[in-house]
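When we follow the working numbering, the leftmost residue of the sequence shown carries the number -13, and every step to the right adds one.
Hints are computed from structural coordinates only; laboratory data are not their basis. Careful: at least some of the hints might be erroneous.
[Unchecked claim] Keeping only pairs whose Cα atoms sit at most 30 Å apart, straight-line, the calculated DSSO-like set for lysine-lysine is: (1) Lys118 to Lys81; (2) Lys88 to Lys113; (3) Lys88 to Lys118; (4) Lys88 to Lys112; (5) Lys146 to Lys206; (6) Lys198 to Lys146; (7) Lys104 to Lys88; (8) Lys81 to Lys104; (9) Lys89 to Lys112; (10) Lys146 to Lys89; (11) Lys146 to Lys88; (12) Lys89 to Lys104; (13) Lys89 to Lys118; (14) Lys81 to Lys146; (15) Lys89 to Lys113; (16) Lys104 to Lys118.
As the structure is a prediction and not an experimental result, all values here were calculated from the model.
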Amino acid sequence: MANNKTTEVSADKDAENIDSYLDAHYVQRSNWLRAAVLGANDGIISTASLAIGVTAASVTRDPVLLATTAGVVAGALSMAAGEYVSVSSQTDVEKADIEREKKELEEMPELELQMLAKIYEERGLKKETALKVAEELTANDALGAHVRDELGINDINQAKPIQAALTSCVAFAFGGALPLLVTIFAPMNLMEYYLYGFTSVSLVILGAVSAKTGGSDVLKAILRILVWGSIAMGLSALVGYLFGVNV
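Given only the sequences and the hints, what does the whole structure look like? Please build it.
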């Protein structure tokens, strides 16, 4: 009796360890991490670029503050709306594919079974083993097996519109708030230099954090985000100088 209890406890612990191990994989974070990095990066670069462009054409602080604040608010809402619409479209496609697969399973189950077995065979299983695996998975959850292995839809990569929208909105607002704070407190005659400096530091931090969170190369991520951010800010300043009118 005691041995049975010990075995059950050990099995439960093993299951918990497996779940923890799977949760620790970086791919589990891919959906929200992509939206967060995109939102924060866009917030920092677009807001700073806007502020630099307006600063280059202004002699007073008010136009810079107004443009930067409007840019943060509009950008955050635009990111949320854009992410929600695009990810919702992906969700609609996934749902349509799942419904189609469900109908095919009802109308031609044998053909679907052979297709599933073929998938496993192409992944390296012997023909007999592939068929046996397909039969067992079909008996347990036919639709789930086809959705996962034929369509490639699972809990990790399944589209989540609300999560993507909220993550992008908050990340953009947070990223845009950094250049906004610079426009509030930095001296007007040195505004551009402060924006360049603080934005570059922010991009370095964002690149490092996103790389660490995603398990990728830190230096490569920092250089990538810093180079493109610098190009965007430089071009924005150039536009401000070329077309600027004192306001």
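Each hint, compared with the structure:
1. Lys118 to Lys81: holds, 28 Å
2. Lys88 to Lys113: holds, 25 Å
3. Lys88 to Lys118: holds, 21 Å
4. Lys88 to Lys112: Satisfied, since the Cα-Cα distance of roughly 27 Å is no more than 30 Å.
5. Lys146 to Lys206: holds, 29 Å
6. Lys198 to Lys146: It holds: about 23 Å lies between the C-alpha atoms, which stays within 30 Å.
7. Lys104 to Lys88: holds, 19 Å
8. Lys81 to Lys104: Between Lys81 and Lys104 the Cα gap is close to 24 Å, so the pair holds against 30 Å.
9. Lys89 to Lys112: holds, 29 Å
10. Lys146 to Lys89: holds, 24 Å
11. Lys146 to Lys88: At roughly 21 Å apart (the allowed maximum being 30 Å), Lys88 and Lys146 satisfy the hint.
12. Lys89 to Lys104: holds, 20 Å
13. Lys89 to Lys118: Given pair Lys89, Lys118 holds - Cα atoms ~23 Å apart, limit 30 Å.
14. Lys81 to Lys146: holds, 12 Å
15. Lys89 to Lys113: At roughly 26 Å apart (the allowed maximum being 30 Å), Lys113 and Lys89 satisfy the hint.
16. Lys104 to Lys118: holds, 11 Å
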